[in-house]
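A.B. asks: The sequence shown runs contiguously to residue 209 in the UniProt record's numbering.
In short, the hints are calculated from the structure, not lab data.
Misleading hints may appear alongside valid ones.
As the list claims (entries may be wrong) - In silico lysine to aspartate or glutamate, DMTMM-like type, Cα no more than 25 Å apart, as pairs: (1) K49 <-> D19; (2) K40 <-> D29; (3) K140 <-> E150; (4) K49 <-> E31; (5) K140 <-> E130.
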Amino acid sequence: METFLETERLAMRQFTADDVELVVGLHSDPEVMEFLTGGKPSSRATVVKEWAARRKMSYPRGIVRRMAHLNAIPADSPRPRQVVSQRDARTRLAHLLARTGPADIVTVIADGDRPLAALVPVQAAQTAAEAAAASRRAEKSAAGWSARLEKLRAQLLARHAAETDELVRALAEVWAELDRRSPPGRDAAVDHLRAAHRPLLHDDRRQAA
1 METFLETERL AMRQFTADDV ELVVGLHSDP EVMEFLTGGK PSSRATVVKE
51 WAARRKMSYP RGIVRRMAHL NAIPADSPRP RQVVSQRDAR TRLAHLLART
101 GPADIVTVIA DGDRPLAALV PVQAAQTAAE AAAASRRAEK SAAGWSARLE
151 KLRAQLLARH AAETDELVRA LAEVWAELDR RSPPGRDAAV DHLRAAHRPL
201 LHDDRRQAA
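Please model the complete structure; the sequences and the hints are all you need to start from.
C.D. replies: Written as structure tokens, this is what we have:
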């Protein structure tokens, strides 16, 4: 059995035959299986059969092969690279993983001068076809959001225009009544307000006409 990564509270290693009872216990717990089978426990025979098949498929093609593949990064990769010791990787793994994608950086984990594995941004592990498909999905998503935003903008402009028209009509009615009750020159306060509203009054009355 090989341990790939070990910290004070966590160890990543291959499954062994001794782990089967632990797996059976997990699959027998309704809370664990709630979002897998609706809370229905799996029988021991089913768990043992499926677990054995998956374990056979996972090794030796599993994590060992994947880690070796990640280590085969071209030295002339345009992405920035950093090298951390195995000890540092154990204590800073969460931070390194969180930084890999946003910083688009390759982190090589080494034991002295011997590279062991590497953390690479997901786009670096994509094939050309996968990258093209991801680009198309992003473009389609961006176009969809752009269309939705433009539709929302048009709706807001239409609502704003309707509310403005309603306000204009209400102001026209108010000033028509004020003009009737207090013609220009009768009340200085009304005249001052009338002068301040003259641009609006002009538009109001033009639209009312």
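A.B. asks: Confirm or reject each hint.
C.D. replies: Status of the hints after comparison with the structure:
1. Between K49 and D19, the direct Cα distance comes to roughly 14 Å. Compliance with the 25 Å bound is thereby established for this hinted pair.
2. As the CA atoms of K40 and D29 are separated by approximately 8 Å, the hinted pair is consistent with the 25 Å bound.
3. Between K140 and E150 the alpha-carbon distance is near 15 Å, which keeps this suggested pair within the 25 Å criterion.
4. Restraint check for K49 and E31: satisfied, since their Cα atoms lie roughly 22 Å apart, inside the 25 Å limit.
5. A C-alpha spacing of about 15 Å is found between K140 and E130, which places the hinted pair at or below 25 Å, so the restraint holds.
The structure shown violates none of the earlier numbered hints.
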